[in-house]
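First to last, the protein sequences are chains A and B.
Numbered according to this note's numbering, the first sequence terminates at residue 396, and the numbering increases by one at each position without gaps.
Numbered according to this note's numbering, the second sequence terminates at residue 396, and the numbering increases by one at each position without gaps.
Hints may be right or wrong, so weigh each one.
[Stated by the list, open to error] Coverage of chain A stretches by chain B, computed from C-beta distances (three or more under 8 Å per stretch; other residues unrestricted):
hint	segment
1	37-49
2	56-67
3	171-178
4	200-214
5	297-305
[Stated by the list, open to error] Here chain B is said to cover these stretches of chain A; the calculated rule only asks that three of the stretch's residues, wherever they fall, bring their Cβ under 8 Å from a Cβ of chain B:
hint	segment
6	231-240
7	262-276
8	309-318
[To be verified] In silico negatives: residues of chain B with every beta carbon more than 10 Å from chain A:
hint	residue
9	Val18
10	Leu60
11	Gln123
12	Thr220
13	Pro363
Keep in mind the hints are simulated off the structure, nothing from the lab.
The beta carbon of each residue, even a glycine, is placed where N, CA and C say it ideally should be.
Protein chains: 2
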Amino acid sequence: MQLAEPMIEDWRAFTTHVSLDDAVIAQDAVTLTWSDRRVSLFHFAWLRDNCACSQCVHPLTREQVFEIADMPDDLRIQAASIDHNGALNTQWTDGHRSVYGPGWLRAHAYDETSRAERRGGDQVQPWCSEYGAALTAFDWHEIRHDDTALLAWLVALRRTGLTLLRGVPSTPDTVAEVAQRISFIRESNFGVLFDVVSKPTPDSNAYTSINLPPHTDLPTRELQPGLQFLHCLINEASGGDSIFIDGFALAAHLRQHEPEVFATLTSVPFEFWNKSATSDYRASAPVIALDGAGEVSEVRHANFLRGPVSARSELMPEIYHAYRRFIQLGRDPRFRVQRRLAAGEMWAFDNRRVLHARTEFDPQTGARHLQGCYIDRDELLSRIRVLERAVGAKAR
Amino acid sequence: MQLAEPMIEDWRAFTTHVSLDDAVIAQDAVTLTWSDRRVSLFHFAWLRDNCACSQCVHPLTREQVFEIADMPDDLRIQAASIDHNGALNTQWTDGHRSVYGPGWLRAHAYDETSRAERRGGDQVQPWCSEYGAALTAFDWHEIRHDDTALLAWLVALRRTGLTLLRGVPSTPDTVAEVAQRISFIRESNFGVLFDVVSKPTPDSNAYTSINLPPHTDLPTRELQPGLQFLHCLINEASGGDSIFIDGFALAAHLRQHEPEVFATLTSVPFEFWNKSATSDYRASAPVIALDGAGEVSEVRHANFLRGPVSARSELMPEIYHAYRRFIQLGRDPRFRVQRRLAAGEMWAFDNRRVLHARTEFDPQTGARHLQGCYIDRDELLSRIRVLERAVGAKAR
């Protein structure tokens, strides 16, 4: 049963071009040698934790029921062999047996070579103003009906952080249909969908006609929305161009040319506050966030949604220097993509990476109505993984 | 205009029991001396950034329109005085004038004393098994109609992370009404509301009748849901008790008694995976998260929602030792609150702090139906702040 594809512990099938040559039992681990001479060590505890038999993993949910705390302290593998399917068979000292397919073992091996291999994959591509001319539009009609077109769009969105869709009917609430092609929508205090129009009693500068400087939306939340969709229903007013700046490109520029500014922006928490009559959101976070590997993972910035900086007094001059430099760099035309959205077009962008801005418009000259919504990164990535499973299945 | 209460830059009124005695202009800052002899330095850039006049802040949205990058490099305050309202009046070298109320300045001062004062406030209270007996139930009828009762409940939830509600009508979807008393609900792939019942084709161990070990919900998302609500509609099956463990108490215990285990659990990312036929969520994060000040801010744990550990081979023995210790500690009766929920009762708990578990139940002996939903921490904290504004207004 354990050798059926897909394995019980996963919903994917694991294929591999290499085979297991040898299994040797060491003190607290099994050393496996592959046909390409790679050597992978698997500790007893790790192997016991990952036993995928129907006693250890619930056969219907494929979630683990065994807990590694129940492994006896002295449990060992007493016999290990490669069976006729090429799988690792282990016999444990308490009588349990486990079987691990070679494709699955190769995909989860934690020797240095295997881990480095997994860190590769689809890379982020920072961009500057030239990207505006290179921006190809995706066609909503194709995406709507075809999973391959959907996957191509989502992979581009993950890589570049900014995509344009065409052919999106300029009827209200269509933006929801597009977003739901990916997943459910993330609600906020501005609603499930929000209407970007000039309002008589605005509760955000977005709902006036003034220019909006480059910003991410909802920086006042612990988790900024991952994706933002802005669908143009009507754009007949003069002004009101869309401007986009790749925050990862700004960060890369600062890291290289002004490392002290970069160090301040990645280490000092700024205060992001969004106060209104009915809400009072606050988050404290650096403008540029780094992940565990030191790579830029997020930009958080909206000048108009900040509380007073609270930091050690000695740091204040360098904090303001760094913050002013960040704003100045965002004004540099080299980094800016500017484009006027027409009815039936839609922006889809990574709100935690790409800053968006709007030039002032004149509501006296015509109507302007954009409709928007958010989805989190988790949903995008999950959708891509599930779509790629189908592609992987076709390829076999 | 700037002295009207509330000030334009905020929705609160700022009162203070101290007054400004003196303002002295230094090289790049103003030094203010208060009537209680506290001295607060305010840098020119900070003051210019926080000018709340109607040119710098939009009068309707109360969001900033001035950007500090537009401050001339050589801008200085040429005159500073305390006016007859006790406010700081500044005359800038470019002709701009700014006025800052003393209450607002005191509330945002960044001298060391003022910052330490603000770090105080409502403290988290870790708890052990004794908390079960001390658990007082909040009455939904009161909370539903009375903002003071609502605030008392929410403050208790923020402090303890675990509260019980009574008098919640055991009709389906009532849990949504309770949650929406705070804010909108956070949707997940399990829906806006989820039904915890034993299902014939479960897509999660939660939807079986087996015991569920201590866990947080949705650890597979970058941001775990902040609050979880579990409302009991019917509980006639034998078994199925609720168990709660304060993850912050476990973390505090490990930090004190097993610092090496604590160090591993706060530094090594674990893989949290939730795969199903239609979704594939993955997050990589330590079991115990620390905030910028080194305080425990989050616990992330669900044994049945993990992917294989991927870490340097040399670390594997200590990783498994630490993880086994964490599970073992969660089984220790000293930390456990166990209680059977009756129809009409509801748990509300901090899902990023409190682990919850369920004993096995026998679906042959009767029906069991819980209904649940999530809300994020941001919504809880915003709601508390807005409610506290009203209390503050009453107190004046």
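Status of each hint after checking the structure:
1. 37-49: Since 5 is at least three, the answer is holds.
2. 56-67: holds (count 8)
3. 171-178: Per the Cβ count (0), the hint is violated.
4. 200-214: Three-residue rule met by the segment 200-214 of chain A, so holds; n is 9.
5. 297-305: holds (count 3)
6. 231-240: violated (count 0)
7. 262-276: This one holds; 3 residues, not fewer than the three required, reach chain B with a Cβ under 8 Å.
8. 309-318: Since three or more residues must qualify, the claim that chain B covers the segment 309-318 of chain A holds, with 7 doing so at under 8 Å.
9. Val18: holds (18 Å)
10. Leu60: violated (6 Å)
11. Gln123: Given a closest Cβ separation of 18 Å, the condition holds.
12. Thr220: Contrary to the label, B/Thr220 does not stay out of reach of chain A, its closest Cβ about 8 Å off (not over 10 Å).
13. Pro363: Fine: 15 Å to the nearest Cβ keeps B/Pro363 off the interface.
Of the numbered hints listed earlier, those contradicted by the structure are 3, 6, 10, 12.
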